[in-house]
Amino acid sequence: MGIIYWDTCVWISLLGNSKCQAFEQAGIDDVIRMVDDNEVTLITSVITRVEILKGKLTDDIADKYLDTLENNPNIEEIEVHRYIAQKAHEIRSYYRKQGSNISTPDVLHIATAITGMADEMHTFDGGGKKRGLLDYNGEEGVGNLLITKPKAMQSSFACDIIKPKEVITKKTKRSKTP
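Residue numbers for the sequence shown, in the numbering used here: 7 to 184.
Calculated from the structure, these hints are not laboratory results.
Computed list of lysine-lysine pairs in PhoX-like fashion (alpha-carbon distance at most 20 Å, straight line):
| hint | residue 1 | residue 2 |
| --- | --- | --- |
| 1 | 136 | 103 |
| 2 | 93 | 103 |
| 3 | 136 | 155 |
Just need the whole structure built from these sequences, with the hints factored in.
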């Protein structure tokens with residue numbers, strides 16, 4: 007079973023308080039389907055609880071988030087402990103030496119994803135004026151963690167195309183011409 011980490015902004019989109027592109031919403035829906043089908047475990051930091059419940063959202067949305075956490079065995083909220091704090095410190099120090107600064111909440115999300123052994127971290131945080139979480143995708147400083155927007159699974163299908171003989175013949179003749 008895979009492990010996916012969700013940043014706060016993905017949860018807010020799921021809970022209906024943020025607009026995202028249709029393909030991003032389809033990605034969120036795919037992850038929820040995989041959680042429900044026991045294909046993945048969804049993890050997040052206890053920091054998400056703080057960010058979601060900070061007063062900008064309605065009580066209904068906050069309650070919906072708490073209900074989701076409590077009623078799904080494949081969703082895990084990870085507490086910030088000494089090991090996560092140390093990992094966050096290492097990441098921040100790494101980037102500070104390069105002249106970059108990661109906010110405390112962002113680095114705690116990254117450290118929690120790494121410590122929780124997430125296969126990938128989902129976020130919509132593209133930054134703007136500062137570096138967003140998406141900008142750290144796959145970098146050495148974040149342990150090569152895949153940081154991406156949620157994406158819908160692409161269905162694949164087999165399609166055998168039978169070409170008429172004259173098309174095949176024309177291509178064969180053209181390829182023989184010097």
